[in-house]
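My request is simple: use the sequences and hints to build the entire structure.
These protein sequence lines map, in sequence, to chains A and B.
Under this note's numbering, the first residue of the first sequence is numbered 1, with each subsequent residue one higher.
Under this note's numbering, the first residue of the second sequence is numbered 1, with each subsequent residue one higher.
Just to be clear, a hint being listed does not mean it is correct.
[Said to hold, decoys possible] Pairs of lysine-lysine, PhoX-like flavour, derived with a Cα cap of 20 Å:
| no. | chain 1 | residue 1 | chain 2 | residue 2 |
| --- | --- | --- | --- | --- |
| 1 | A | Lys404 | A | Lys376 |
| 2 | B | Lys62 | A | Lys309 |
| 3 | A | Lys187 | B | Lys62 |
| 4 | A | Lys338 | A | Lys204 |
| 5 | A | Lys175 | A | Lys142 |
| 6 | A | Lys517 | A | Lys377 |
| 7 | A | Lys142 | A | Lys168 |
| 8 | A | Lys66 | A | Lys175 |
| 9 | A | Lys194 | A | Lys229 |
| 10 | A | Lys38 | A | Lys170 |
| 11 | A | Lys14 | A | Lys168 |
| 12 | B | Lys66 | A | Lys309 |
| 13 | B | Lys66 | A | Lys187 |
| 14 | A | Lys229 | A | Lys204 |
| 15 | A | Lys312 | B | Lys62 |
[To be verified] Chain A regions said to be covered by chain B (calculated; three or more residues, Cβ under 8 Å):
| no. | segment |
| --- | --- |
| 16 | 121-130 |
| 17 | 173-186 |
| 18 | 298-306 |
It is worth saying that the hints were derived from the structure and are not from the lab.
No residue lacks a Cβ here, since even glycine has one placed at the ideal position from N, Cα and C.
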Amino acid sequence: MELTGAEILVQCLKEEGVEYLFGYPGGAVLHIYDALYKQEDVKHILVRHEQAATHAADGYARSTGKPGAVLVTSGPGATNAVTGIATAYMDSIPMVVITGQVPTSLIGNDAFQECDSIGITRPIVKHNFLVKDINELATTLKKAFYVATTGRPGPVVVDVPKDVTGAKAKFSYPKDISMRSYNPSSKGHVGQIKKAVELILSAKKPVIYTGGGVILGEGCQQLVEFSQKLGYPVTNTLMGLGAYPATDKQFVGMLGMHGTYEANMAMHHCDVLIAIGARFDDRVTGNLEKFCPDAQIVHVDVDPASIAKTVKVDVPIVGEVAEVLEALIKQIDVSESKVDTSAIDTWWQQIDVWRAQDCLKFDTEGDKIKPQSAIKKVYELTNGDAYVTSDVGQHQMWAAQYYKFDKPRRWINSGGLGTMGFGLPAAMGVQLAHQGETVVCITGESSIQMCIQELATCLQYGLPIKILNLNNGFMGMVRQWQEFFYDKRYSQSVMNVLPDFVALVEAYGHVGIRVEKPEDLDAALDAAFNKHKDRLVFLDVITDPEENVYPMVPAGAGLNEMVLV
Amino acid sequence: MQHIVSILMENESGALSRVAGLFSARGYNIESLTVAPTDDSSLSRMTLVTSGTDDIVEQILKQLNKLVDVIKLVDLTESPHIEREMMLVKVEAVGESRSEVKRLVDIFRGNIIDVTDTTYTVELTGPGERLDAFLQSLSSISIHEVVRSGSMGISRGEKVLGL
Ligand SMILES: Cc1ncc(C[n+]2csc(CCOP(=O)(O)OP(=O)(O)O)c2C)c(N)n1
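Okay, structure coming up:
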């Protein structure tokens, strides 16, 4: 039997196990929307702006490990999706974005709602495809999911002209796919594994530094086993939080610009650095000239291009993180060398001295709500077991510092691109994937306004997200930099002309609660998480306006040059 | 240092722009770039001349390898190889310079492929440096136009960049 291109496309999504398709209709995708109308397997989630469709699919992917799926129309639909595609690209999130395109006969004519989606998205996708022939539609979609989810994951755009969705062809979905030009490598080199283990076991002051790659590569269990076998300190990047349980004694906290003192000092003084699924981002390394001056470095990553990109590495290992960790564990067991326990004890004594600085302590006196304490309370109330999304700014750093993630895929934030507006739509994707679980969006009054229209989507699909709006009346992170580096000239970072958020969320059909005093916080949180368990609750928490994020590695400084308060 | 990178890639419509886009996005140098289909029309062979420190060239090779359309690549500069470039030059050829140009073309083993009363068009093939040398030797002659193909390269011996 012959199917239309639109029907084939929907069948392909079904074959790929797509539960939710986040999208927004328009002229170029009308055939596809008609095909969606006639079936129930793929549930379409109608967002209010295409940026939100990509963030929601992204949140779904980050929290499940499965690829997100997006459908938008040509022209403005595609351009609106660009921010979300770039966000997913920077954090290596598997996602397939289908963009409608004008009919093939009109391509290049500046037709109505035409834009060069392939050209626009090329630098922000793992790969993209233009489907010019209906007979290539199914294979192309198969390739898209394959490329998006294997190796170092990433978003893939499939641009489908309208005539292709209207044409008819026989449908058969390829079971397997192989591409001669694409072979994501898997196992680490045996010789390198041995070399790495000898170096690792010779360490006197080691640090295990892991990033988002451990979560993306499903290597968290192996990481725990590896780390606990060695007894070495573990630090996670912003993207890697949850890969190693934050409440475990071997965990020294996040590293980098707003990492803990003990993590950064341990990095600076280490003699062997074991980097796994991390990419030595500039927010992590600080000044490269001063980075880990005494360390020999082992670097495990699935992407060879991540290795030695900014920092020279002594033992590079290219391979799937989980498999390499398993190989490392086996090799440790058979190696003649053993962990130098007395050196490691001394190392821990040093780390404990740094830890005793208690760098995350904050002042709880005063009549203003401290943003840190609001997050701590949410952490306690949710038993550390909520899915937490965030936007970008101070609140994001505080969430990363004060919510202790013991499990992977619970901390959902835009680390690489730093996209304000990510938090709420991402939470929608998370909540759809995890119905009945607690999903919290920690945001700021500036970020939340970038995708606030999605409150309507939340109502439509009954998503009981808890929004913690840490309202300091400033673009706090911008203000903090202006305070430190521009003599408090708060140029355009004051955000004090705000809607009445409570009235606004109520207009959208949700529950809004404004909290101004520290003593009212507990009751408000109780209302949000218990009394109104099944509804979206927006907590507009008025916080101490000029609170800063500490500790901090100032720009240009080394990790050992942190400012504590 | 200059590196000549030979790339075998899918002959897809966007493939060239992926390579060019990668270089501009990451701020790498392209000195020249040539591309054409091979005997297998589904494959394109590209020769790219770039320069940079060893670290940068290592990144360039890794990033190129990461492009989904790229099947294989080799840095020809790492082992014995042959480099060829073609050049077409239109020069003034009147009076004494007419015989002078003819003489130089013979020395460089080029061909005069088009003639008018006042011009010669010269074709010359060889490693880029030889083409440079030829242009230098024309210093007293007025050059109207220079067209260079950019370098192509292939390994010496039995080594093959194929599927
Ligand atoms: C789309 C976008 N535009 C601009 C920025 C730059 N930026 C980073 S943090 C920030 C301020 C965020 O303010 P708010 O959401 O109120 O959070 P706070 O820092 O106050 O917690 C800005 C403007 C960004 N990250 N994303």
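Hints, verified against the model:
1. Simply put, A:Lys404 and A:Lys376 have alpha-carbon atoms about 9 Å apart, close enough for the 20 Å limit, and the pair holds.
2. About 10 Å separates the Cα atoms of B:Lys62 and A:Lys309, which keeps this hinted pair within 20 Å; it holds.
3. A distance of roughly 18 Å separates the Cα atoms of A:Lys187 and B:Lys62; the hinted pair therefore holds under the 20 Å criterion.
4. Of the supplied pair hints, the one linking A:Lys338 and A:Lys204 holds, its CA atoms being roughly 12 Å apart against a limit of 20 Å.
5. Proposed proximity of A:Lys175 and A:Lys142 is supported: the alpha carbons are some 9 Å apart, at most 20 Å.
6. Our distance criterion of 20 Å between C-alpha atoms is met by A:Lys517 and A:Lys377, whose separation comes to about 14 Å.
7. With a C-alpha separation of about 18 Å, the suggested pair A:Lys142 and A:Lys168 falls inside the 20 Å cut-off, and the hint holds.
8. A hinted pair counts as satisfied when its Cα atoms are at most 20 Å apart, and A:Lys66 with A:Lys175 qualifies at roughly 18 Å.
9. Of the pairs offered as hints, the one joining A:Lys194 and A:Lys229 holds, with about 17 Å between alpha carbons and a cut-off of 20 Å not exceeded.
10. Between A:Lys38 and A:Lys170 the CA atoms are separated by roughly 19 Å; this keeps the pair inside 20 Å, and the hint holds.
11. This hinted pair checks out: A:Lys14 and A:Lys168 have alpha carbons roughly 19 Å apart, not beyond 20 Å.
12. At most 20 Å may separate the alpha-carbon atoms for a hinted pair to count; B:Lys66 and A:Lys309 meet this at roughly 14 Å.
13. Distance restraint check for B:Lys66 and A:Lys187: the Cα-Cα separation of roughly 17 Å lies within the 20 Å cut-off, and the hinted pair is therefore satisfied.
14. Under the criterion of a C-alpha separation no larger than 20 Å, the hint pairing A:Lys229 with A:Lys204 is consistent with the structure, at around 15 Å.
15. Our distance criterion of 20 Å between C-alpha atoms is met by A:Lys312 and B:Lys62, whose separation comes to about 15 Å.
16. Check on the segment 121-130 of chain A: 6 of its residues sit with their Cβ under 8 Å from a Cβ of chain B, so the three-residue criterion for coverage holds.
17. Only residues whose beta carbon comes within less than 8 Å of a beta carbon in chain B count, and the segment 173-186 of chain A has 4; three or more means the coverage holds.
18. With a cut-off of 8 Å between beta carbons, the segment 298-306 of chain A has 3 residues touching chain B; three or more are needed, and the interface restraint holds.
Checked against the numbered hints above, the structure violates none of them.
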